[in-house]
Every structure is written in C-alpha cells, then in structure tokens.
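**Q** Next come the chains, spelled out residue by residue.
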Amino acid sequence: MLEIDIVPERRSHLKRLEAESIRIIREVAAEMKKPVMLYSIGKDSSVMLHLARKAFYPAPPPFPLMHIDTTWKFREMIAFRDRMAAEAGMELIVHTNPQGQAENVNPFDHGSSYYTQVMKTDALKQALSLHQFDAAFGGARRDEEKSRAKERIFSFRNSAHSWDPKNQRPELWSLYNTRVKAGESIRVFPLSNWTELDIWQYILAEDIPIVPLYFADKRPVVERDGTIIMVDDERMPLRDGEVPEMRTVRFRTLGCYPLTGAVESGATTLEDIVQEMLVARTSERSGRMIDHDDSASMEKKKREGYF
Amino acid sequence: MNEMSGVSGAVTAYLAEQEQKGFLRFITCGSVDDGKSTLIGRLLYDTKLIFEDQLAALKRDSKKHGTVGGDIDFALLVDGLEAEREQGITIDVAYRFFATDRRKFIVADTPGHEQYTRNMATGASTADLAVILIDARKGVLTQTRRHSFIVSLLGIRHVVVAVNKMDLVDYSEERFREIEAEYKAFGGTFDFETLEIVPVSALKGDNIIDRSPAMPWYEGPTLLDHLNTIEIDGDESKRPFRMPVQWVNRPNLDFRGYCGTIVSGSVRPGDSVAIAKSGRTSQVARIVTMDGDKDLAVSGDSVTLVLEDEVDISRGDVISAPDSRPDVTDQFSAHVIWMNDEALFPGRPYLLKAGSQTVTATVTELKHKIDVNSFEHLAAKEMHLNEVAFCNLSLSSPIAFDPYETNREMGSFILIDRFTNQTVGAGVIWYALRRASNIHLQALDVDKKAHSELKGQKPAVLWFTGLSGAGKSTIANLVEKKLHALGRHTYLLDGDNVRHGLNRDLGFTEADRVENIRRVGEVAKLFVDAGLITLVSFISPFRAERQMARNLVEEGEFIEIYVSTPLELAEQRDPKGLYRKAREGKLKNFTGIDSPYEVPENAQITLDTSASDAESLADDVVRYLVQHGFING
Numbered sequence: 001m002l003e004i005d006i007v008p009e010r011r012s013h014l015k016r017l018e019a020e021s022i023r024i025i026r027e028v029a030a031e032m033k034k035p036v037m038l039y040s041i042g043k044d045s046s047v048m049l050h051l052a053r054k055a056f057y058p059a060p061p062p063f064p065l066m067h068i069d070t071t072w073k074f075r076e077m078i079a080f081r082d083r084m085a086a087e088a089g090m091e092l093i094v095h096t097n098p099q100g101q102a103e104n105v106n107p108f109d110h111g112s113s114y115y116t117q118v119m120k121t122d123a124l125k126q127a128l129s130l131h132q133f134d135a136a137f138g139g140a141r142r143d144e145e146k147s148r149a150k151e152r153i154f155s156f157r158n159s160a161h162s163w164d165p166k167n168q169r170p171e172l173w174s175l176y177n178t179r180v181k182a183g184e185s186i187r188v189f190p191l192s193n194w195t196e197l198d199i200w201q202y203i204l205a206e207d208i209p210i211v212p213l214y215f216a217d218k219r220p221v222v223e224r225d226g227t228i229i230m231v232d233d234e235r236m237p238l239r240d241g242e243v244p245e246m247r248t249v250r251f252r253t254l255g256c257y258p259l260t261g262a263v264e265s266g267a268t269t270l271e272d273i274v275q276e277m278l279v280a281r282t283s284e285r286s287g288r289m290i291d292h293d294d295s296a297s298m299e300k301k302k303r304e305g306y307f
Numbered sequence: 001m002n003e004m005s006g007v008s009g010a011v012t013a014y015l016a017e018q019e020q021k022g023f024l025r026f027i028t029c030g031s032v033d034d035g036k037s038t039l040i041g042r043l044l045y046d047t048k049l050i051f052e053d054q055l056a057a058l059k060r061d062s063k064k065h066g067t068v069g070g071d072i073d074f075a076l077l078v079d080g081l082e083a084e085r086e087q088g089i090t091i092d093v094a095y096r097f098f099a100t101d102r103r104k105f106i107v108a109d110t111p112g113h114e115q116y117t118r119n120m121a122t123g124a125s126t127a128d129l130a131v132i133l134i135d136a137r138k139g140v141l142t143q144t145r146r147h148s149f150i151v152s153l154l155g156i157r158h159v160v161v162a163v164n165k166m167d168l169v170d171y172s173e174e175r176f177r178e179i180e181a182e183y184k185a186f187g188g189t190f191d192f193e194t195l196e197i198v199p200v201s202a203l204k205g206d207n208i209i210d211r212s213p214a215m216p217w218y219e220g221p222t223l224l225d226h227l228n229t230i231e232i233d234g235d236e237s238k239r240p241f242r243m244p245v246q247w248v249n250r251p252n253l254d255f256r257g258y259c260g261t262i263v264s265g266s267v268r269p270g271d272s273v274a275i276a277k278s279g280r281t282s283q284v285a286r287i288v289t290m291d292g293d294k295d296l297a298v299s300g301d302s303v304t305l306v307l308e309d310e311v312d313i314s315r316g317d318v319i320s321a322p323d324s325r326p327d328v329t330d331q332f333s334a335h336v337i338w339m340n341d342e343a344l345f346p347g348r349p350y351l352l353k354a355g356s357q358t359v360t361a362t363v364t365e366l367k368h369k370i371d372v373n374s375f376e377h378l379a380a381k382e383m384h385l386n387e388v389a390f391c392n393l394s395l396s397s398p399i400a401f402d403p404y405e406t407n408r409e410m411g412s413f414i415l416i417d418r419f420t421n422q423t424v425g426a427g428v429i430w431y432a433l434r435r436a437s438n439i440h441l442q443a444l445d446v447d448k449k450a451h452s453e454l455k456g457q458k459p460a461v462l463w464f465t466g467l468s469g470a471g472k473s474t475i476a477n478l479v480e481k482k483l484h485a486l487g488r489h490t491y492l493l494d495g496d497n498v499r500h501g502l503n504r505d506l507g508f509t510e511a512d513r514v515e516n517i518r519r520v521g522e523v524a525k526l527f528v529d530a531g532l533i534t535l536v537s538f539i540s541p542f543r544a545e546r547q548m549a550r551n552l553v554e555e556g557e558f559i560e561i562y563v564s565t566p567l568e569l570a571e572q573r574d575p576k577g578l579y580r581k582a583r584e585g586k587l588k589n590f591t592g593i594d595s596p597y598e599v600p601e602n603a604q605i606t607l608d609t610s611a612s613d614a615e616s617l618a619d620d621v622v623r624y625l626v627q628h629g630f631i632n633g
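Note that the protein sequences, when read in sequence, are chains A and B. Going by UniProt numbering, the first residue of the first sequence is number 1, and it counts up by one from there. Going by UniProt numbering, the first residue of the second sequence is number 1, and it counts up by one from there.
Simulated from the structure, these hints should not be mistaken for lab results. These numbers come from a predicted model, not from an experiment. Note that CB positions come from ideal geometry on N, CA and C, so glycine has one too. Keep in mind that the hints are not guaranteed to be accurate.
Quick partial rundown of chain A residues pointing at chain B, CB under 8 Å, derived from the structure [what the hints assert, rightly or not]:
no., residue
1, A19
2, E27
3, F56
4, Q168
5, P170
6, S174
7, A182
8, T268
Calculated lysine-lysine pairs in the DSS-like style (CA-CA distance at most 25 Å, straight line) [claimed, not checked]:
no., chain 1, residue 1, chain 2, residue 2
9, B, K525, B, K449
10, B, K367, B, K381
11, A, K54, B, K294
12, B, K525, B, K455
13, B, K481, A, K15
14, B, K525, B, K481
15, A, K181, A, K34
16, A, K15, B, K238
17, A, K15, B, K21
18, B, K588, B, K576
19, A, K34, A, K125
20, B, K238, B, K21
21, A, K181, A, K125
22, B, K21, B, K294
23, A, K15, B, K294
Based on the provided sequences and hints, a complete structural model is requested.
**A** Rendered as structure tokens:
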C-alpha cells in the first residue's frame, strides 16, 4: 500500500483534494432539501461514493444513489453497482426511460446521438423531476473536457434542467450559493479539481474497489471503424464478416458497451494502469464516441441537461 | 497491490514523488487580447499536458476558428465555450491543470473584458498568485490597473507581470523597461509581497520555460522558473484554531459529531475549545475519520470532532481556540465587489453567507466607491456592476469572523439576492463596528432552560399585531389574566405604555418606528430568556419588522397573532379617537389611513374580532399554548 503521509507537516496533494470534496458534499447535505448522488459505476463515481462515505462516517451518507440505466451497460457494471450500494448502506434508485425502453431505443438502430439523448439525458431529467431532487452530485472533472473546465462546482440548472454557460453564478472562495426555487436544481461536482492521475492515485492509496473491466483480461471483441467493441451480450448485431475474437483488452472509461472502446493492454494491476496512463498520449474521453462529432458537442449536451 | 514487482515498484515510487510535489493555485488576468489563453495553452503544451487526440482536434479547430494563420492557436485549447470561440474572447474562468517535476498547478484563466470582472474575481478568490499580462505594444491599461486592484483586494500577495508579445516590439529592452517603470509606479502602492516583471512571448515561447535567446538583456527568471520556486507562505496551521461547523452528525443517541473543515490552526484531542457565538467551552474528545481516530488535525482537513460535554452547537457555529476567539458582531466594515446588473442600494436586505452562517444583511452606509483607474475614493449613493466600494453592513443576527487580512476563510462573504437567488456581491471584512466588537457573550450558568424549568413552562413571545382599535390590547390583557389564573409567569408589553417610558424619545417617522419595534423585540427576548411568556401588543404594521422581532428569538418561540378586524369596524370603534384625528389630517402616518398595514402571511394564530368576542378569542390563544406544549392544560 502506498504510504501517503510521508511528511506529516506538509499536506499531501490527495489529502487536500479529499478534504475539499468532503466539504462540498457536506455543504450539499446541509443546505439542500433533497440531494441525490448520480452513480455511473465508473472509477470517478467509485471515488465520489468513497468520499461521501468519509464525509458522514460513522453515519451512512444522508442521500440515495441513483443510476440511469440505459439497459446497455456492461453486465459486470450492474453487479458491481448493486454490491457497492449495499456496502455503503445507501438506497439505490435505478431509472430507465420507459418510453425509450418501450420503443427499444438502442445505439445500433438509432445512432449514438439520438440514443444518448433518449436513454441518458431524457432519462436523467425524468428521474430528477420524478423524485424532485434539488441537487444531484456528478463525478465530472474539469480536466476532462473544455466546457467542463468552465463549469462551477455548484452548477445551477433551471426548471427545464438546462445550463446557461453565459450566466453562471460567481463562485468565490468556498462559499457556495445553494439557493434554488421550486423545480430548479443544482448539479454539484465534488471532483472538479481532480485530474485523472489524482483519481487513480487515490484509488490506489485508499484501496477503492473498481469494476474489473478496468483491468486487462481476455474478452470477446470486434473491431469496428477503428474502435474495439466488446460483445457483452447477444443483443449486439454483428456486421457481415465480423467474428468476435478473444483479445486481451481493458477499458479506460466505462459507459454503454456498444459505445465504449476498449484498448489493448496487459495492465492487470492498478500500478500497471497508472504506468500505462503515464505513457499514454491519448486522453481518456477519446474512448467515448459521444465527443467525436464536434468539439462543441459536450457543451450542447450539457446545455440540454446531460451530465 | 502490495507486491513490489519491478514495474509497480517504479510506479509506486513515482506516485510517492507526485505526492511530495508542491502545489500552487494561480490566475492569469489582463485585458482582452493580451494573450492569456495563449499563454496557458503554451504552458500546457510545453509541459506536455496536451494529448495527441486533443492536439489533432486543436489543429482541426485552428483551421476553422484560428486567428494565427497556419500555426496552432493555443487559445482554442482553453476557450472552451462555443460563444467564446466564435467571438474570440474568454467569457468565463476556466480551470486548467498541469504539473512540472517540482509542482502541481491549478490555473484559473480569467476573462479580460470589463463586463466579466465578476468572473475574474471568482478566479482570484482561490488563488495564491496572479499572473497579470500586459501587451508590450499597449503598455499598462485600465484593465491592468483594475485587475491589480482586485488581486490586491482579494488578498493575493504574489504578483507576476508578464509583458507579453515581446516579439511584436522586436524584443526591445527599452520598451520593456518603460512598461516595468509604469507598472511599478502604481503597483508599488499595493504592497505585494513579491512582484516579478518578466518579458515573454507566449506565442513563440520566449521566457516561458526556456530563456529567450532574443532577450539576452533580461536576467530574471523565466515565468515557469518563478512559478516553480516562489515560496508562498500559506501556513494557516500556525494561526488560531477555527472550524466552522457545517453539519452535525447524529447517527444514533451515542454519537454526536461536529463536521467541518479546519480553516486555520490545528487541533488535538484534549484541547480546550470555545464556541464563538455562545461562549460555551469544552474539550475535544476525539477527532473522528473513516480512517480511524486522529491525534492531530490541521488547517485544510475535513474532520468530525466529538467534544467532552453536551454543548449546544449547530451549523453556523465556529469551534475555536478559547484564548484567541474570532470577533462576534452584527455590524462591520467591508469592501464589497458588486456583481449584479441591478444596482445595490443601502437599506435593501440581501442574504449574506459567511462560512456556514447565513443571515440577512443590509448595507447601512456606502462610505466611498473606488475608481479602478486612479484608485481615488468617490462619494456614492449606489453601487453598479463591477464596482468596488467600502461600506458598513448591518446583520439580522451576529456572525463570528476574523478580518480578511488575517484569515481569508473567516473574513469573506457573498451576498445573495433574496428573490432571484443570484450571487450579487462578494466582500472582505475589515473590522467590526463600535459596540458590537469584542463584547463576547458571557455564557450564563442559569440560562433560559433553567429559568423556564423552574417556572414549569416553555417561554414564548405572543406577538399581537393588527390595526389600531382592532382589539389587540383587550385580548392580550384577557390572555394574560387567564394565564395568571393558571399560575403561569407572564409579562405584557403594550405599545402605548412602552412609548411612555423606554421609547419616549421616539417619534413616528419610519426610522423611529423601526427602532421602536427593535427595542421592544430586544426586551421581549430578555423576558423570554427569563422564562416568561411575553405578550406584546403592537400595531407593527410592516412584515419586515415583525420578521426582525421573530429573528431575535429561537425558532418556535415567536407566535405571531394577527388580530383581524376590518378597517371600517376599527374606525367605528375608535376607542382613542385617533382615526377621527387622522381623517381630519391632524395625525400623519396613521396606519390604515395614510400608512399601509401589511397583513401577516403566515401568522400562527388569526383572531377574527368581527366573528367572535374577545373572551372566546383569548381562550383560543390559551388553547394554542396548551396544544403546542408551552403550558400544561
């Protein structure tokens, strides 16, 4: 185990980030009427959940976890999700867009952009309105993407759940304005100031469980338009000539399996992953197809309510 | 994970090294087109923080929006919002991360346009150092002066002035010295702890990381050298202990923990602590974290404290060193930066959030505004967007604070509009005003609880409000008689009687009426402390003042009783002949005639005198007290 407090009089970088995140999480619990923690099952969510448990120890976090299930997540993710919620002693809310499900909206027939809109963005808005949450934690980081770099830690949403990037509340010191009217809400990003390296370093230092898909293993995959896609279940339609083959791959980011590219890797430990990341020259979101269309696409999605 | 194989050993060593790196938060600011975004893009590029796919996207975008011909436009890397890229300006503060082999950095890239000064202040509030850019062709501009002023106001002690675009003035030493002298002429007045002026070209990379061969005459450090080595004396752990309580953790009856982030000083189990506002003291029993109990926690740590005694502490209290407590005040002087399109007017109430304390605040006096160009003090009646003024503020209830100069976390606040919920202002506190300062509340051993237990009742304020002649005094009088008969301890404060004694120096102007209510509210509060059921019979026509009186006592102790009588009926009764006088114009500002009565929106009890007689209405009030546990039946 990595020893973090080597020089006790000097506050370590991770301890500083941890303390800041805990402060943010507590502020939400103290000031908001009905918060919820969005749980995407990825490594950032794992860190966020861990921080929430630390914030309220010995009590469990005083809010539920919520997962927007597109029904196309990796199976291993779902099993992991249920285990972690139980371990944290938190209520788990799972929401799927019922209309989308009835119409069988899927990434193959409808394209990634429409599918994401219906099964993720619309579903999220439905769930937030349904439960009347006035605050939702998300695990986004500012180093991930350009429009996120400009988003506040407490990011205001109007009653239609949309973000107005030109009119953000000034956010000074650690004084967060949590005031909302009925129907309005705030998205809160406790990991705003973490980098990808910080996340891995913290997972290593704190021994935080993550979904095994992050580690290299032999998995059935096909290569499609330059991206390695895992055939996670029989719903994936194979194109002419495509035959799943077993390759040693892992995932740098987790989402819906048909939209998440794998990388060929032999990294089977956290140390291997960190080492691989350090020499990597491709940033992590490139495995997500959603960002490829246009570099302004994330901002557009966020304005419309995407996390 | 504990296996130390070759690879994991090397990685573990690398990570340990990462952990030992220093850390610096800085902002970049300056006027539009001084090249801030280009500078940060250059730092990210040169420290190899740009990944290949981002670089590919950047090259693509450079062709589409770029302003530098065929070259890579580094600004596009940081100008993340679509509107910014189209207009070529930076609207909002962007946070960027990079690291060198010595330090990790968070850079807040802040906008140059005057209209976005509030975003610049947002970035500055959390920074330890500011890089102020100047375009070598343009020299010192108003924005340079404005930003230097705000940087200084927000307590940033270290400044680097980067004289950029040196390539466009042929790397001229003469031009650089000119700008250096011009900046020092006014920058010297801010008394920055360090001030370094560096000639650079962000676009070409001169003096950013490597020394510029084009400027052999410059002998100072490169920008990155300076950022890597500057010593920021940020040791908050040596200052007096402060921990604002954010959350009270009460999972079961056996555990009561106070959660918060230590903003200065350090704490160990066994240390004595004082609660700033109540004056109560106790000792720290445990410092609880999920990683086990700690024997030391320092500034910056988010912890949970368990105290030895059952003291009454809630969110907003500040646990502090008993021998060096924060000030507790409801009036102070502060610099305020106004961030709203709608102007600030003295007297208008806003919400003020300082640490975990939120109260209502008004600016009672605008002392002066500050001209950001000449730094002159100007007289002002109101404050507009992006203006800075020195003012006095008055709060609905006291807060604990330290002056901003000695403690950034304890001396800063934001102002929130109560209706739009926008953050409309930010302020830094200088000092408490006169009487409120340094009078620490003495915690009394025989307290309200002891007083009321002896009397066998829960104290309360019964606040009767309504038109003159509505029947307030009649009913209040009957209620007191009934309570007295039940053996209850009471006191009745009547508006007219009080005006003959305590308030006989007050007239009927708006200011005097407010003061009238304030004094009665304070007296009622003392009587509640004494354990009495206190009846107050006052017209008190304005909601704001009744709210003020309500805020003086604890939640649940204030029972607003609206004595509802139609104006015609009250006027018909006219027991003191006052309505007649008012109608004849002999009495000014008479409630109901030429001064409004604001009907309570959420009165605990409404008594309709046109429907029932005084006797039965008084019974209603007594019944309310029984039902709500103030007295036994």
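**Q** Does each hint hold? Answer for all of them.
**A** The hints, checked one at a time:
no., hint, verdict
1, A19, "holds (4 Å)"
2, E27, "holds (6 Å)"
3, F56, "holds (6 Å)"
4, Q168, "holds (6 Å)"
5, P170, "holds (5 Å)"
6, S174, "holds (7 Å)"
7, A182, "violated (12 Å)"
8, T268, "violated (11 Å)"
9, B/K525 / B/K449, "holds (14 Å)"
10, B/K367 / B/K381, "holds (9 Å)"
11, A/K54 / B/K294, "holds (14 Å)"
12, B/K525 / B/K455, "holds (17 Å)"
13, B/K481 / A/K15, "violated (63 Å)"
14, B/K525 / B/K481, "holds (21 Å)"
15, A/K181 / A/K34, "holds (13 Å)"
16, A/K15 / B/K238, "holds (18 Å)"
17, A/K15 / B/K21, "holds (13 Å)"
18, B/K588 / B/K576, "holds (16 Å)"
19, A/K34 / A/K125, "holds (15 Å)"
20, B/K238 / B/K21, "holds (21 Å)"
21, A/K181 / A/K125, "holds (17 Å)"
22, B/K21 / B/K294, "holds (24 Å)"
23, A/K15 / B/K294, "holds (14 Å)"
Checked against the numbered hints given earlier, the structure breaks hints 7, 8, 13 and satisfies all the rest.
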